[in-house]
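Just so you know, the protein sequences line up as chains A and B, in that order.
All residue numbers for the first sequence refer to this note's numbering, where the first residue is 118 and numbers rise by one.
All residue numbers for the second sequence refer to this note's numbering, where the first residue is 1035 and numbers rise by one.
Just so you know, these hints were derived from the structure itself, not from any lab.
Even for Gly, the Cβ is constructed at its ideal location relative to N, Cα and C.
Hints should not be assumed to be uniformly reliable.
Claimed, not checked - To be clear about the criterion: a stretch of chain B counts as covered by chain A if any three or more of its residues have a C-beta under 8 Å from a C-beta of chain A, and this derived list gives those stretches:
(1) 1047-1054
(2) 1104-1110
(3) 1120-1130
As the list claims (entries may be wrong) - One side only, chain A facing chain B, incomplete, derived with CB under 7 Å:
(4) Leu-170
(5) Phe-181
(6) Phe-200
(7) Val-201
(8) Thr-202
(9) Phe-218
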Amino acid sequence: MDIISHAVFGILFAKQVSLQAIIGAVFPDLDRLYTYPKGKYFKHGSRTWFHELPFLSIVMAAAFFLGFPLFSLGLLSHMFLDFVTGSTRPFYPLSDKHIDFNLNRKVKVLLGAAIWAIGAYYISLTGLLAWV
Amino acid sequence: MGVNPDRISWLAVILSAVFIFFQDIRIWTGALAIIIILDWLDGAVARNMRKKGRKLEEMTDIGCDRISELLVFSAFPLLLPLVVINIFLSAQRLRVNMPIVLPLRHILLVYLIGVLAGVLPDVQQLVMLW
Chain A
118 MDIISHAVFG ILFAKQVSLQ AIIGAVFPDL DRLYTYPKGK YFKHGSRTWF HELPFLSIVM
178 AAAFFLGFPL FSLGLLSHMF LDFVTGSTRP FYPLSDKHID FNLNRKVKVL LGAAIWAIGA
238 YYISLTGLLA WV
Chain B
1035 MGVNPDRISW LAVILSAVFI FFQDIRIWTG ALAIIIILDW LDGAVARNMR KKGRKLEEMT
1095 DIGCDRISEL LVFSAFPLLL PLVVINIFLS AQRLRVNMPI VLPLRHILLV YLIGVLAGVL
1155 PDVQQLVMLW
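Let's have the full structure, built from the sequences with the hints guiding it.
Written out as C-alpha cells, the structure reads:
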C-alpha cells in the first residue's frame, strides 16, 4: 500500500490527527531506502526484517511502554494494512515463508481510494488545517 | 467452488480491528467469540481439504493468528509483551515444528465473559482508552 494510505490509516487507527501516529504508520517503510536502490520494488522482495512482525512487535510494545501509544497504533495500522492487502513474510528473518492473499488489483485500488476518501473526510472534520 | 481456509483467516484478521475502533466490552466479547470460531473453522476446512489431497501451508493460519492477537491486545497494551512472546514461539514452531503458543485470545474471551457475567472484576488499568 502507498505511503499516503498508510499515513491516513494511522490517523484512523489513532482516531485523531496525530504526528506520532503518522510517523508510526510510515516508519516501517524506511527500509525502502535500502531496498529500492537495490532494484527491489515489489512484493516481499522489497521488505526487510525492519518491516515484519518480530521487529515491529517489539518496537510497538516498547513504544507503548516508553509513552508513545499513538506511535504504537500507527505501527499497528501499517502492519495490518500491509498484511491484509500485500505479500508479507510475517516471521522474517526467523522464517522466510511468505503470505499472499492474492487480492485482486482492482480491489486494492478501490481500497486505497476509500482510505484516501475516508481520511480526507476525517481530517476535514478534525481540522488538520488548524493543526498545521 | 469451495471455501478457502485462507479467506476465513483473513476475515478473522479484519474482524480483529473491532478492538481498535470500538470501546465496548460487549462488542469485544462478541467479536472475539466470532474470531475464535473462525480460527477453528479455518483449521477444520484446511484439514478437510488435506484429506481430499490438497497440500496447504499452515503459515497463513499462524500469521493471521498473530496479527489478530496484536490487534486484539492493542486494547490491553500492558499485555503486549505476551503477544511478542507468542510471535517468537510461532516462528520457532515454523522452524522446528514445536506447536507451543499461548492461547491468549481464548483466555481473554473467558475473562471478558466473566466480566460481563459479573463474576470477574473489570481490570480497568489493563484497558487503555487510546
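Status of the hints after comparison with the structure:
no.: 1; hint: 1047-1054; verdict: holds (count 4)
no.: 2; hint: 1104-1110; verdict: holds (count 3)
no.: 3; hint: 1120-1130; verdict: holds (count 7)
no.: 4; hint: Leu-170; verdict: holds (5 Å)
no.: 5; hint: Phe-181; verdict: holds (5 Å)
no.: 6; hint: Phe-200; verdict: holds (5 Å)
no.: 7; hint: Val-201; verdict: holds (6 Å)
no.: 8; hint: Thr-202; verdict: violated (10 Å)
no.: 9; hint: Phe-218; verdict: holds (5 Å)
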